[in-house]
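Colleague: Could you build the full structure based on these sequences and the hints that come with them?
The listed protein sequences correspond, in order, to chains A and B. Heads up: the first sequence begins at 1 in the UniProt record's numbering, then just goes up one per residue. Heads up: the second sequence begins at 1 in the UniProt record's numbering, then just goes up one per residue.
Worth flagging that the hints you see were computed from the coordinates, not collected in a lab. Model, not experiment: these values are computed from the prediction. Beta carbons: idealized from backbone N, C-alpha and C, even for Gly. One or more of the hints may lead you astray.
Pairs of lysine-lysine, BS3-like flavour, derived with a Cα cap of 30 angstroms [to be verified]:
no., chain 1, residue 1, chain 2, residue 2
1, A, K197, B, K62
2, B, K374, A, K197
3, B, K440, B, K135
4, A, K56, A, K70
5, A, K143, B, K117
6, B, K62, A, K135
Here are the computed distance ranges between Cβ atoms for each label pair [what the hints assert, rightly or not]:
no., chain 1, residue 1, chain 2, residue 2, range
7, A, P198, B, N123, 43 to 49 angstroms
8, A, Q280, B, S42, 19 to 25 angstroms
9, A, R65, B, E227, 57 to 63 angstroms
Just so you have them, the derived chain A footprint on chain B, three or more residues with Cβ under 8 angstroms [as the list claims (entries may be wrong)]:
no., segment
10, 142-154
11, 186-197
12, 319-332
13, 344-350
14, 389-399
The residues making up each chain are set out below.
Protein chains: 2
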Amino acid sequence: MKKTVHSNRYAGKLFEQIYDYILDRINRGEWKPHEKLPSIRSLAMEFNVHRLTVYKAYQLLKENRIVEAKDKSGYYVIPNGDSFPADSLHDPIISAYVHESHLSEIHQVQAEYVLSKSLLDPNLLPNLYFSEYVKQVFDLYPKMLGTYFTVQGDQELRDALCRYFTDCHRFHLSADELLITCGSQEAMDLVARALVKPRDVVMLERPTYSTAIDIFRRQGAVIVPVEIHPYGYDLEQVEKLMQAYKPRLFYLNPTFQSPTGYIVPAEQRKRLVELAERYQCLLIEDDPYRDIYFGEEPPRPLFAYDTAGWVIYLRSFSKYIAPGLGIAIVACRPSIMNYLIKAKMLSDSGTPLVNQKIFLHYFFSERLQQHMEKLRIALTVRKDIVEQELSATDWQWNSPAGGFNLWVKLPETVEIEPLLSTCIKQSITFVPGAICDPLKEYKSWIRLSYSYLNEQLLREGIQRLVELADRGLKG
Amino acid sequence: MKKTVHSNRYAGKLFEQIYDYILDRINRGEWKPHEKLPSIRSLAMEFNVHRLTVYKAYQLLKENRIVEAKDKSGYYVIPNGDSFPADSLHDPIISAYVHESHLSEIHQVQAEYVLSKSLLDPNLLPNLYFSEYVKQVFDLYPKMLGTYFTVQGDQELRDALCRYFTDCHRFHLSADELLITCGSQEAMDLVARALVKPRDVVMLERPTYSTAIDIFRRQGAVIVPVEIHPYGYDLEQVEKLMQAYKPRLFYLNPTFQSPTGYIVPAEQRKRLVELAERYQCLLIEDDPYRDIYFGEEPPRPLFAYDTAGWVIYLRSFSKYIAPGLGIAIVACRPSIMNYLIKAKMLSDSGTPLVNQKIFLHYFFSERLQQHMEKLRIALTVRKDIVEQELSATDWQWNSPAGGFNLWVKLPETVEIEPLLSTCIKQSITFVPGAICDPLKEYKSWIRLSYSYLNEQLLREGIQRLVELADRGLKG
Chain A
1 MKKTVHSNRY AGKLFEQIYD YILDRINRGE WKPHEKLPSI RSLAMEFNVH RLTVYKAYQL
61 LKENRIVEAK DKSGYYVIPN GDSFPADSLH DPIISAYVHE SHLSEIHQVQ AEYVLSKSLL
121 DPNLLPNLYF SEYVKQVFDL YPKMLGTYFT VQGDQELRDA LCRYFTDCHR FHLSADELLI
181 TCGSQEAMDL VARALVKPRD VVMLERPTYS TAIDIFRRQG AVIVPVEIHP YGYDLEQVEK
241 LMQAYKPRLF YLNPTFQSPT GYIVPAEQRK RLVELAERYQ CLLIEDDPYR DIYFGEEPPR
301 PLFAYDTAGW VIYLRSFSKY IAPGLGIAIV ACRPSIMNYL IKAKMLSDSG TPLVNQKIFL
361 HYFFSERLQQ HMEKLRIALT VRKDIVEQEL SATDWQWNSP AGGFNLWVKL PETVEIEPLL
421 STCIKQSITF VPGAICDPLK EYKSWIRLSY SYLNEQLLRE GIQRLVELAD RGLKG
Chain B
1 MKKTVHSNRY AGKLFEQIYD YILDRINRGE WKPHEKLPSI RSLAMEFNVH RLTVYKAYQL
61 LKENRIVEAK DKSGYYVIPN GDSFPADSLH DPIISAYVHE SHLSEIHQVQ AEYVLSKSLL
121 DPNLLPNLYF SEYVKQVFDL YPKMLGTYFT VQGDQELRDA LCRYFTDCHR FHLSADELLI
181 TCGSQEAMDL VARALVKPRD VVMLERPTYS TAIDIFRRQG AVIVPVEIHP YGYDLEQVEK
241 LMQAYKPRLF YLNPTFQSPT GYIVPAEQRK RLVELAERYQ CLLIEDDPYR DIYFGEEPPR
301 PLFAYDTAGW VIYLRSFSKY IAPGLGIAIV ACRPSIMNYL IKAKMLSDSG TPLVNQKIFL
361 HYFFSERLQQ HMEKLRIALT VRKDIVEQEL SATDWQWNSP AGGFNLWVKL PETVEIEPLL
421 STCIKQSITF VPGAICDPLK EYKSWIRLSY SYLNEQLLRE GIQRLVELAD RGLKG
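Modeller: See below:
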């Protein structure tokens, strides 16, 4: 997707807008390989700009090997298999505005040793109990399936979650400040749609959850990365960036961060909220792993420190409670909630009631607490297995205190992309670090998820991975 | 939302982009009322354009009473309560990019006589039977809630629907050409996101389903309206428009159209598909009311006539089968499906499995067929009630052969907006025609839905509505 990347990097200035315009039409297959492109004069007229501006755009397209100039006769599209699916040449024109999700491409690979999925092993869920349980829910709400749901979410569920958040995290929250979404993806997407416009600046951690990169890019955001370290952020750098770029928002995952597993310490959380307020930069706090801790409970969410309404809190539950339900929440202040509700109204008109009611009754059941205990132990064991297997290598990582992932640095002599291809052939998948980086660097890093495979497959998978990496080294 | 409307109308040319840029910042509350705006010189530099271009943008903003010029000293924001919610002045900045959904505003009104909701009366659903039924589904799939779902949708459901569509409508369809979405809204939104880019031309029926206007506007589409008549479209006009505007797509609802209830005849359907192919304009066929016919079954969908892949078929089921489930489908050719799947992947990563499995087993049960029969009869009776009550008036409408709505023309002496305000005070809601018109005309028309109220409330509601309209006339 070389071209798409360019179209992201060069967003803003006028000649860049024209660059994007031309690029889009090529990516869509409206202007085909070898086809002659509009003249500088005609585009200058169409856009009502100086011809030099169009010239500048064409020069950049030339540099990027997207078009070629044939002396005197004009500019032509250079064929490039990547730029659009071959079939779109024969099929109806389609938009290339949907950005590729590289992670999802890896997820589509059918593999035995899935080290790429930051998802819970379904066998760790109390499925049978759960099904029996659901039947009781249907007795409680016999008309549930025939009931229309509200956009914001079931009142009973929002009330219950409100009490829950206030009790565990001392949130100051009312049910009106909670939105129920169909999973964390939708929550993130709604925030992006409601708050981010093309060319808005968005701060992202680096590395970060790669889908976040895709979602904010899809909104046309200009992305400013912020390093995350085992000790959190360099807050001076964060402040400098907020000063310099006036970002609309900073999407962060401060608790058992994906992919690193790092935790932003409590004192930094307080400070971040102050910075957000001073520089009017919303903080989007994504918190899916909070309950997956191996030792002590993590520090309170940033949202708990927020009084002026600069933090938007995303909490997914479906990662460990019935993925088949797909339930997540957004907590934020009314002025922003109004826009999220409008966005959701046009997106799916509400989360189905049945999922909300089932979730409500399960989440607040005693059974869940027992389930969570078992889950933490099971995941600790699986994490330990990976660390045991890696201990013999010279690979580097910080042992995570929670979450589903290990962020591992391989020797720089190992090339990750070729390794991934070899692994896939051997039915092993992992996530290359570059995918988690807005700058596409971290060439020696990979994300290993220990949440999805059972202990035996996990051990075998890691052993084979290490073996293939070593073999790669020896050539 | 005067300003937002302008920002839609003037999208495209360079000075219009700068106009939009300034307007957005004002709408977001970043540039506040009475605040001095950036100088022409500074904006010209920022955008790297000629100063005259910025001047032109400011002139237009002046004409539209969005800014005022104070001699020599520059341009200032004219206060306008509409342009952004007052609280956003004090609360964190929010984007005004989410377009208002006027329909949803009416739906938020709590009323006894709901004539505005084109939704089924929940009491017409076999709720009790349904929840008993669901329990069996959980016995069939005990691990359902712990199972991850795919983005495209459950294979078993897609296979079954494939057979169904092939049998009833003679579709040429494979399971790979079906996408399961969380309701019709999501289906429409995914199509818009995947296929429509800012400034793309989209054809809409006039009048149309007002949410469609909101959804395509949100994508920044330029909207070209096409009249729909009791006999269908003026195909010559459709062809002229396709020739003139090269629309990316035409969103249409040819069967018991909302709001009119009109049916596009079979011969026009065939011809429309030919035109779509000739002018490379995708047809988005929305078909939620197909099964709600009062007399004979409606003509086959356009999709059945499509061989080259220019029709995208949207079919919602939740309107009459368990609204609490929220299930709809998109049928289209693989090249487009790839983009829809990518769009959905980032939007909600898939429709929850539990909803799909429940739907699957209910939809293909004998019970549903009996249910549909009863439903058609019940709705015919309710439609007749409305028509009886209106027969005494000089209001005009075409009696619909299916669907949930009556499209009614009141005497031009009646002003609809004041009538709606009066009605809301009297706990009656209806949909003003202007909302269903991209051009915001149809000032004397209203949409009355007979699907949501029971017979008694329906009769009373219509009687009161007519009474209030008459009283309004007498002043």
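Colleague: Per the hint of 57 to 63 angstroms, is the separation of the Cβ atoms of R65 (chain A) and E227 (chain B) within bounds?
Modeller: violated, 48 angstroms
Colleague: Can you confirm whether chain A covers the segment 142-154 of chain B, using C-beta to C-beta distances below 8 angstroms and requiring at least three such residues?
Modeller: holds (count 9)
Colleague: Three residues or more, CB to CB closer than 8 angstroms: is that satisfied between the segment 389-399 of chain B and chain A?
Modeller: violated (count 0)
Colleague: CA of K374 (chain B) to CA of K197 (chain A), is that 30 angstroms or under?
Modeller: violated, 48 angstroms
Colleague: Are there three or more residues in the segment 319-332 of chain B whose C-beta lies closer than 8 angstroms to some C-beta of chain A?
Modeller: It holds: at least three residues are needed, and the segment 319-332 of chain B offers 5 whose Cβ sits within less than 8 angstroms of chain A.
Colleague: Do at least three Cβ atoms from the segment 344-350 of chain B come closer than 8 angstroms to Cβ atoms of chain A?
Modeller: It holds: at least three residues are needed, and the segment 344-350 of chain B offers 6 whose Cβ sits within less than 8 angstroms of chain A.
Colleague: Please check whether Q280 (chain A) and S42 (chain B) have a Cβ separation lying inside 19 to 25 angstroms.
Modeller: holds, 21 angstroms
Colleague: Quickly compare the C-alpha distance for K197 (chain A) and K62 (chain B) to 30 angstroms and report which way the hint goes.
Modeller: Holds. K197 (chain A) to K62 (chain B) sits at ~24 angstroms (cutoff 30 angstroms).
Colleague: Quickly compare the C-alpha distance for K440 (chain B) and K135 (chain B) to 30 angstroms and report which way the hint goes.
Modeller: violated, 48 angstroms
Colleague: Between K56 (chain A) and K70 (chain A), does the CA-CA distance stay at or below 30 angstroms?
Modeller: Answer holds: K56 (chain A) to K70 (chain A) is near 16 angstroms, not above 30 angstroms.
Colleague: Hinted pair, alpha-carbon criterion (30 angstroms max): K143 (chain A), K117 (chain B). Please report holds or violated.
Modeller: holds, 19 angstroms
Colleague: Is the straight-line distance between the alpha-carbon of K62 (chain B) and that of K135 (chain A) 30 angstroms or less?
Modeller: Given that 30 angstroms is the threshold and the Cα spacing comes to 63 angstroms, the pair is violated.
Going through the hint list in order, the structure does not satisfy hints 2, 3, 6, 9, 14.
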